[in-house]
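*Asks:* Protein chains in written order, with our numbering: chain C, 1 to 258; chain E, 259 to 576; chain B, 577 to 835.
These are computed hints drawn from the structure, not numbers from a lab.
Fair warning: there could be bad hints in the mix.
[Unchecked claim] Just a sample of chain E residues kept apart from chain B, beta carbon distances all over 12 angstroms, derived:
#, residue
1, 285
2, 345
3, 409
4, 421
5, 426
6, 429
7, 544
8, 564
[Stated by the list, open to error] Computed list of lysine to any residue pairs in SDA-like fashion (alpha-carbon distance at most 25 angstroms, straight line):
#, chain 1, residue 1, chain 2, residue 2
9, E, 335, B, 829
10, E, 264, B, 835
11, E, 393, B, 665
12, B, 829, B, 744
13, E, 393, B, 669
14, E, 335, B, 825
15, E, 276, B, 679
16, E, 335, B, 580
17, E, 276, B, 830
18, B, 829, E, 565
19, B, 829, E, 364
20, B, 829, E, 320
21, E, 276, B, 669
22, E, 276, B, 825
23, C, 23, B, 593
24, E, 393, C, 136
25, E, 490, E, 541
26, C, 23, B, 745
27, C, 23, B, 754
28, E, 276, B, 835
29, E, 335, B, 750
30, C, 136, B, 779
31, E, 393, B, 597
32, E, 393, B, 598
33, B, 829, E, 275
34, E, 335, E, 320
35, E, 276, B, 831
36, E, 335, B, 679
37, C, 23, B, 609
38, E, 335, B, 748
39, E, 393, B, 586
40, C, 23, C, 136
Even glycine gets a Cβ: it sits at the ideal position worked out from N, Cα and C.
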Amino acid sequence: MKLRGIVDVALALAYRQITVLLKNPSLFVPPMLFPLLNFTAFAGGLSRLRHVPGFDFHGGYTAFQFVFVLLQSAAFGGVFAGFGIARDFERGFARRLLVSAPQRTGIVVGYALSALFRWAMIAVVLTIVALAVGMKVGGSGVDLFGLYGLAIIFNQVGLLWACGVAMRFRSVQAGPLMQTPVFMVLFLSPVYVPLHLLRGWIHAVARVNPLTFILEAGRGFIEGQPTDVATGFGLALGLAAVFAVWARTGLARAERAG
Amino acid sequence: MSRSDKGIHAEGLVRRFKDVEAVAGIDLEIRPGEIYGFLGPNGAGKSTTVHMLTTLLPPTAGRASVAGFDVASEGPKVRAAIGAALQEAALDPFLTGREHLRLQASLHGIAGRRRDELIEALLERVGLAQAGSRKVRTYSGGMKRRLDLALALIHDPSTLFLDEPTTGLDPQSRTALWDEVARLAREEGVTVFLTTQYLEEADVLADRVGIIDHGRIVAEGTPARLKAEIGKPTVEVVPERPDELDRLRDLLRRFGSETAARPGGYAVQLDGHGDLPAVIRALDVEELRAAEINLHQPTLDDVFLAKTGRTLEGADEA
Amino acid sequence: MSRGLAHQVALIARRSIVRTFRQPGTWIPPLLFPLMLMAVNSNGLRAATHLPGFPTRSFLAFFLPFSFLQGALFASGIAGTDLARDIDTGFLNRLALTPVRGSALLLGQIGGAVGLGALQACVYLGVGLAAGVHIDAGLPGALLILVLAVLIATGWGTLGLWLALRTGSGEGVQSQFPLLFFATFISSMNLPRNLIEVTWFRDIATVNPVSYMIEGLRSLVIVGWDAQALLLGFGFALALIACSLLLATRQLKVRMTRT
Numbered sequence: 001m002k003l004r005g006i007v008d009v010a011l012a013l014a015y016r017q018i019t020v021l022l023k024n025p026s027l028f029v030p031p032m033l034f035p036l037l038n039f040t041a042f043a044g045g046l047s048r049l050r051h052v053p054g055f056d057f058h059g060g061y062t063a064f065q066f067v068f069v070l071l072q073s074a075a076f077g078g079v080f081a082g083f084g085i086a087r088d089f090e091r092g093f094a095r096r097l098l099v100s101a102p103q104r105t106g107i108v109v110g111y112a113l114s115a116l117f118r119w120a121m122i123a124v125v126l127t128i129v130a131l132a133v134g135m136k137v138g139g140s141g142v143d144l145f146g147l148y149g150l151a152i153i154f155n156q157v158g159l160l161w162a163c164g165v166a167m168r169f170r171s172v173q174a175g176p177l178m179q180t181p182v183f184m185v186l187f188l189s190p191v192y193v194p195l196h197l198l199r200g201w202i203h204a205v206a207r208v209n210p211l212t213f214i215l216e217a218g219r220g221f222i223e224g225q226p227t228d229v230a231t232g233f234g235l236a237l238g239l240a241a242v243f244a245v246w247a248r249t250g251l252a253r254a255e256r257a258g
Numbered sequence: 259m260s261r262s263d264k265g266i267h268a269e270g271l272v273r274r275f276k277d278v279e280a281v282a283g284i285d286l287e288i289r290p291g292e293i294y295g296f297l298g299p300n301g302a303g304k305s306t307t308v309h310m311l312t313t314l315l316p317p318t319a320g321r322a323s324v325a326g327f328d329v330a331s332e333g334p335k336v337r338a339a340i341g342a343a344l345q346e347a348a349l350d351p352f353l354t355g356r357e358h359l360r361l362q363a364s365l366h367g368i369a370g371r372r373r374d375e376l377i378e379a380l381l382e383r384v385g386l387a388q389a390g391s392r393k394v395r396t397y398s399g400g401m402k403r404r405l406d407l408a409l410a411l412i413h414d415p416s417t418l419f420l421d422e423p424t425t426g427l428d429p430q431s432r433t434a435l436w437d438e439v440a441r442l443a444r445e446e447g448v449t450v451f452l453t454t455q456y457l458e459e460a461d462v463l464a465d466r467v468g469i470i471d472h473g474r475i476v477a478e479g480t481p482a483r484l485k486a487e488i489g490k491p492t493v494e495v496v497p498e499r500p501d502e503l504d505r506l507r508d509l510l511r512r513f514g515s516e517t518a519a520r521p522g523g524y525a526v527q528l529d530g531h532g533d534l535p536a537v538i539r540a541l542d543v544e545e546l547r548a549a550e551i552n553l554h555q556p557t558l559d560d561v562f563l564a565k566t567g568r569t570l571e572g573a574d575e576a
Numbered sequence: 577m578s579r580g581l582a583h584q585v586a587l588i589a590r591r592s593i594v595r596t597f598r599q600p601g602t603w604i605p606p607l608l609f610p611l612m613l614m615a616v617n618s619n620g621l622r623a624a625t626h627l628p629g630f631p632t633r634s635f636l637a638f639f640l641p642f643s644f645l646q647g648a649l650f651a652s653g654i655a656g657t658d659l660a661r662d663i664d665t666g667f668l669n670r671l672a673l674t675p676v677r678g679s680a681l682l683l684g685q686i687g688g689a690v691g692l693g694a695l696q697a698c699v700y701l702g703v704g705l706a707a708g709v710h711i712d713a714g715l716p717g718a719l720l721i722l723v724l725a726v727l728i729a730t731g732w733g734t735l736g737l738w739l740a741l742r743t744g745s746g747e748g749v750q751s752q753f754p755l756l757f758f759a760t761f762i763s764s765m766n767l768p769r770n771l772i773e774v775t776w777f778r779d780i781a782t783v784n785p786v787s788y789m790i791e792g793l794r795s796l797v798i799v800g801w802d803a804q805a806l807l808l809g810f811g812f813a814l815a816l817i818a819c820s821l822l823l824a825t826r827q828l829k830v831r832m833t834r835t
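Please build the complete structure, drawing on both the sequences and the hints.
*Replies:* Written as structure tokens, this is what we have:
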């Protein structure tokens with residue numbers, strides 16, 4: 001009964017979020033454009049980096065960057081959905097949701113579903129563009145399933161983080177707080193070259209950055225040489241679990257605030 | 259600066275926006291020192307008219323002059339002679355009240371000690387002396403409107419345009435603003451062109467009123483004359499005993515023709531066969547006890563209704 | 577510039593600068609973000625210095641000039657958003673009702689962007705020097721970096737004003753920014769043009785004026801005195817100012833229809 005209630009609320013909210021998104025292209029275009037821009041700039045402008053001695057990724061620089069940009073778009077897709085949650089609070093819609101939803105956990109699930117939908121559209125476009133410019137895919141169908149599976153989990157991680165912030169602050173002014181940590185996590189990882197080619201403090205930080213393992217697992221998938229799969233998925237799921245609690249406790253705070 | 263003796267004139271003023279004729283031919287003749295109330299519902303053309311007279315928008319057709327200067331060909335001279343507090347308070351939330359006044363005064367060429375003295379005098383006059391060093395984003399709506407008025411007055415204009423100046427203000431702030439506007443016209447001879455949606459505001463402040471609807475002036479005159487032209491007072495009586503309604507009806511019919519009344523009561527529009535005291539005397543003679551007696555004077559809304567077939571307050575739904 | 581016009585420009589510019597710096601939440605993040613990116617990229621892309629033909633051993637020295645450009649882009653957004661707010665609130669109408677000239681309005685509004693650009697330039701240069709960047713052109717070169725950086729900020733700031741006058745809203749200004757970022761990304765921001773492998777990317781970077789602005793600044797840091805790079809850098813910065821000013825002036829006439 002409780003599960004049914006959660007599902008009902010989640011589907012209703014996801015439907016509304018998706019409808020709003022489809023009717024407002026301006027909400028949709030920037031999250032689409034930025035990953036494409038990054039992909040173009042990194043894969044197009046930095047491809048010579050594959051000639052750096054020790055660059056041992058054999059799937060081509062386009063594929064190397066595609067994985068990063070895919071994960072980046074997944075994370076920021078979740079964060080942009082978090083902006084929407086904050087806007088809903090500012091406009092009073094979220095308060096109405098809290099009053100009318102019989103199972104409030106469904107609210108978080110609904111936002112998560114809509115974030116996934118939003119990102120899925122971006123991922124499709126990104127993939128088509130990458131293939132069109134000649135990206136080599138060394139992995140099998142299973143490998144690619146693993147790659148997109150990682151990205152889906154990372155999208156939810158981004159959403160759950162942003163959702164928790166949005167529900168605590170209930171204002172779009174918390175936008176930078178949603179974005180900045182995600183940006184830092186993304187860029188303090190092996191963005192441009194493999195981990196072993198990083199030097200100095202950034203190497204030390206990237207070594208302990210969970211995204212590094214997720215990224216390397218993803219790159220292994222696309223290259224067709226899966227590596228650190230268990231670690232990658234384990235960390236991704238672990239982050240998702242931690243931020244699910246963060247989001248749910250954020251919801252509780254929003255409930256108490258009225 | 260001496261007060262201009264030229265007022266505001268307009269002949270066949272028109273403004274079109276693509277297919278929409280927002281102002282469809284307006285004639286105006288406003289004397290120096292007069293407070294002219296420009297009344298009409300949302301979308302009637304009030305703000306567009308103000309924008310043309312203040313040179314912010316060129317007319318599509320027609321002519322107008324303010325303080326003796328043509329609005330189309332002598333824009334800078336018009337702007338030097340007018341002050342305007344437009345529909346939006348138009349303030350920078352990050353500047354203080356004093357900084358606003360300083361910028362405005364400096365742009366009008368007022369400098370040095372004279373500028374500083376003017377600023378302090380104006381802040382005192384509009385009741386913002388204490389708040390002058392605070393940023394405008396900390397001001398209430400009433401304070402913003404008062405600062406707006408001060409900004410419009412800093413260069414001692416002969417003509418003042420106030421576009422819905424009391425919208426959103428509490429009654430106290432509204433009354434304070436009315437007092438200041440009346441004083442400006444009465445004591446300093448400033449010509450005031452005031453647009454408003456509030457009947458009471460036009461009634462209390464304006465020497466003359468022009469009512470605009472769909473871009474045209476549909477009535478013009480003093481509030482008293484307009485109301486007298488259109489309407490006669492109505493007397494409404496509710497009998498203490500409902501079974502006496504028929505007798506009441508027969509009595510009141512002697513004083514005028516039937517008009518709408520609330521349930522359980524009866525009303526007539528007085529047609530010259532007696533006034534309220536006469537009605538009361540008649541009730542007394544007939545020993546008809548009234549639970550309630552109301553006298554309704556015609557309002558500007560009644561004027562608008564007579565001229566356009568709609569009430570002013572419901573006009574923007576049309 | 578006549579004395580009257582200069583006075584009006586000074587009044588509007590003063591207000592623009594005061595207004596900008598009274599919004600720390602608006603200008604501090606754009607000041608810090610390029611520094612963050614500088615820190616991350618200078619280390620993350622250090623391996624690029626091992627590529628044959630890379631012009632310097634320090635990627636920080638190579639990347640530093642891009643920070644000025646990125647800062648200028650943010651300043652542009654702030655200038656545009658502030659003007660859009662003036663249009664939205666009617667403050668532009670208030671100014672239009674004074675004797676202020678249109679040209680003074682425009683030139684004055686740029687003041688905020690210039691002020692912020694100057695601050696950003698000083699901060700980025702200071703941080704670069706503190707992190708060990710050596711300016712090959714010496715002290716005169718460092719001063720010229722500041723001048724060029726401010727000119728670039730002025731050009732982008734004026735572009736932001738044009739966007740504000742065109743769209744009349746802050747959201748309209750912000751929505752154009754992906755395009756401006758695109759212009760900066762497809763340039764020699766991360767690698768010298770001769771090391772860009774992908775032909776179409778290199779071709780676009782070659783015709784992109786942003787590349788020359790970056791290279792003008794970069795030449796002072798890693799080469800010393802390169803007349804061609806400086807001519808091109810200054811030339812494109814001034815051309816950007818001229819084009820943006822022309823566009824903004826035209827758009828102001830459309831937006832401000834006073835007689």
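*Asks:* Could you tell me which of the hints above the structure violates, numbers in ascending order?
*Replies:* 2, 3, 4, 15, 18, 23, 24, 29, 37, 38, 40
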